[in-house]
Amino acid sequence: MKTLRPSKRELLQSALALLAVVASPFRARAQNTEGQSEEFQKLLLSLTQGVKLKEGKIQISMPRLADNGHSVPLKLSIDSPMSQEDHVKTLVILSPRNPRPLVAKMNFSPRNTKLNMATRVRLNGSQSLWVLAQMSDLTWYAKSAEVEVTESACLDAS
Amino acid sequence: MQHKSVMTSGLDPWRRLSSLIAQCSLLVGVMSLGADAVAQFNAVGPGWLQPHERRSGLAFKSEDLQNQQNDDAINPGFLWVDQGAKLWSESPSPQAPSCQSCHLSAPISMKGVALKYPLWNAREKRLINLDKRINECRVKKQHAQAFPYESDEMLALSSWITLASRGMKLENSIDPSLVPAFERGKAFYEKRIGQNNLSCAHCHTAHFGQRLGGEIISQGQPHAYPAYRLEWQKMGSLQRRLRACLSGVKAAILPFGSEELLELEVYLNFRGQGLRLESPGVRR
Amino acid sequence: MGARILIPPSPKAGDVIDIRILIQHPMETGFRHELSGSAVPKNVIRQLKLDFNGQLLLDAELGTGTAANPFLQFQTQLFESGWFTLSWVDDLGVEGTERVQCNTRAS
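Those protein sequence lines, which keep their order, are chains D, Y and V.
Its first residue numbered 1, the first sequence is counted upward by one per residue in this note's numbering.
Its first residue numbered 1, the second sequence is counted upward by one per residue in this note's numbering.
Its first residue numbered 1, the third sequence is counted upward by one per residue in this note's numbering.
Wrong hints could be hidden among the right ones.
Calculated cross-link-like contacts (lysine-lysine; reagent style DSSO-like; alpha-carbon spacing at most 27 Å) [what the hints assert, rightly or not]: (1) K12(V) with K86(Y); (2) K75(D) with K49(V); (3) K191(Y) with K116(Y); (4) K114(D) with K52(D); (5) K116(Y) with K132(Y); (6) K111(Y) with K191(Y); (7) K12(V) with K42(D); (8) K114(D) with K42(V); (9) K49(V) with K234(Y); (10) K42(D) with K57(D); (11) K12(V) with K234(Y); (12) K116(Y) with K234(Y); (13) K105(D) with K12(V); (14) K42(V) with K57(D); (15) K114(D) with K75(D); (16) K52(D) with K89(D); (17) K12(V) with K52(D); (18) K42(D) with K114(D); (19) K125(Y) with K75(D); (20) K49(V) with K89(D); (21) K75(D) with K169(Y); (22) K191(Y) with K234(Y); (23) K105(D) with K54(D); (24) K52(D) with K42(D); (25) K75(D) with K12(V); (26) K89(D) with K57(D); (27) K105(D) with K49(V); (28) K105(D) with K89(D); (29) K105(D) with K116(Y); (30) K57(D) with K8(D).
Here's a subset of chain Y near chain D, in silico, CB distances under 10 Å, partners left out [as the list claims (entries may be wrong)]: (31) V44; (32) N67; (33) N70; (34) R138; (35) K141; (36) F147; (37) E150; (38) G214; (39) L230; (40) S247.
By construction, these hints were calculated from the structure, which means they are not laboratory data.
Since the structure is predicted, the reported quantities are computational estimates derived from the model, not experimental observations.
Here a beta-carbon is modelled for each residue, glycine too, at the ideal position from N, C-alpha and C.
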């Protein structure tokens, strides 16, 4: 007969589920670079000169499972008025697990009016893609998104 | 290497029964139309799909991929189409005609042309596909060197010409001259090959819609080619895609332009009849 | 190597428009091997610029992380008619350029 009080097993299961949600990779970990390789941390440092990475402003839209690592669609939008006083100066896209993590670096100006961008990136395996944006006041914002990349089902030697 | 014929192994009993009924009715139907009107042959077998079952490969792909194909502005295949349009209007040398000099505007003159290939060349006793036909024109009429198979120029012209037939249905009849090629293509499709000992029918007829690794298996329809394949990072022909499958089952990879690949094309075009041409397609 | 710059057919002055760029380029990473075993040398578009009537709209440094046949889409606000000019240079020093005219109509 089922009792009203949760069993030890049920309590443990709930605790684990809660832990999984809290530690879920789906949550933005923009300013937290723990877990990334030393090389990647160095790259971030060289780009940002040690300025703290803030959360917010950046929205990334990518498929959770890529069709093919050779070409993964990436949509970005940055919440910025793109005015003379407040605009995105530089956008950097990084793929930590690629042999060359720097995917692209783009400079913008108030002429761009709105920052809604799309491109297609190459991913060398499942990883978090990072997007960094430097604002006109020289602050840095960052956001990452996880993408699963699998090998093609059949060997193609065509 | 020993090849076992696939027969109906791997197909469930209901499929086998419906396949047998379809086989009989198609054979009867074909014979009743008379020998002159339609070639007599038996299309139905383990590789066959009923008309209502036929689906484009796009239906098995992600939304991202579908959007990429359906929007001409972001479809990478159009880079080759544009190149083809340019080549169409250029003369390879000062004295030689351009394609345009004889064929005028491709969207008009080439409408329906891609769907007719492969054809049987009775004089040379071999099949000819669009690529070979383009090269024939290039050598005989334009006095220029043939384009190598899968070269950017070949793919460009082939994509440009095929675009004129986009949206048209694959042909619904087989010319009597193509019947022997069709039957050899069908036998190849149904035959187990390679170290993996699989026939095309095993994946693309018996298991389409199911997963292989992380990917959903399509029906292996030919109507989106030439297509931009993400795996190739460029445009490629149907022959290249067939070669990719051959390497996938670890079979001997047939050379471009080989008769066996063309026979398979003949079979595939008939197997996919009713589907509308989608080239330039975008595939994984 | 071709390229396409796609813009809406007749935008109104003041509209924010989507500009879509597609460039035909293999973006060789240097890590790909031919069937013979030899590596295909690295060759990517390293710099890309788009301007409108001489004013810089996009200044991008790309690399091997950009997919082959690079695609870029971004926005800008148009106030006048003019020419979009795309120019790029790859690792081998090969330069490419493409132009497209844009005619705005009065709002």
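Tested hints:
1. K12(V) with K86(Y): Violated, at about 31 Å.
2. K75(D) with K49(V): holds, 20 Å
3. K191(Y) with K116(Y): holds, 26 Å
4. K114(D) with K52(D): holds, 24 Å
5. K116(Y) with K132(Y): holds, 13 Å
6. K111(Y) with K191(Y): violated, 35 Å
7. K12(V) with K42(D): violated, 46 Å
8. K114(D) with K42(V): Judged against 27 Å, a Cα distance of about 34 Å means the pair is violated.
9. K49(V) with K234(Y): holds, 23 Å
10. K42(D) with K57(D): Judged against 27 Å, a Cα distance of about 24 Å means the pair holds.
11. K12(V) with K234(Y): violated, 36 Å
12. K116(Y) with K234(Y): holds, 25 Å
13. K105(D) with K12(V): violated, 31 Å
14. K42(V) with K57(D): Judged against 27 Å, a Cα distance of about 35 Å means the pair is violated.
15. K114(D) with K75(D): holds, 14 Å
16. K52(D) with K89(D): OK: K52(D) and K89(D) at ~16 Å, within 27 Å.
17. K12(V) with K52(D): Violated, because 41 Å separates the two Cα atoms, which is more than 27 Å.
18. K42(D) with K114(D): violated, 31 Å
19. K125(Y) with K75(D): violated, 53 Å
20. K49(V) with K89(D): Holds, at about 15 Å.
21. K75(D) with K169(Y): violated, 35 Å
22. K191(Y) with K234(Y): violated, 30 Å
23. K105(D) with K54(D): OK: K105(D) and K54(D) at ~19 Å, within 27 Å.
24. K52(D) with K42(D): holds, 14 Å
25. K75(D) with K12(V): holds, 25 Å
26. K89(D) with K57(D): Holds, at about 14 Å.
27. K105(D) with K49(V): Satisfied, since the Cα-Cα distance of roughly 12 Å is no more than 27 Å.
28. K105(D) with K89(D): Between K105(D) and K89(D) the Cα gap is close to 11 Å, so the pair holds against 27 Å.
29. K105(D) with K116(Y): violated, 48 Å
30. K57(D) with K8(D): violated, 43 Å
31. V44: Given a least distance of 27 Å, the restraint on V44(Y) is violated.
32. N67: N67(Y) check passes; min Cβ-Cβ to chain D is 8 Å, inside 10 Å.
33. N70: violated, 14 Å
34. R138: Where the cut-off is 10 Å and the nearest Cβ of chain D is about 24 Å from R138(Y), the hint is violated.
35. K141: violated, 30 Å
36. F147: violated, 18 Å
37. E150: With a closest approach of 9 Å, the E150(Y) hint holds.
38. G214: holds, 4 Å
39. L230: Holds, about 4 Å.
40. S247: Hint on S247(Y): holds, closest Cβ of chain D at ~4 Å, below 10 Å.
Against the hints set out earlier in the document, violations occur for numbers 1, 6, 7, 8, 11, 13, 14, 17, 18, 19, 21, 22, 29, 30, 31, 33, 34, 35 and 36.
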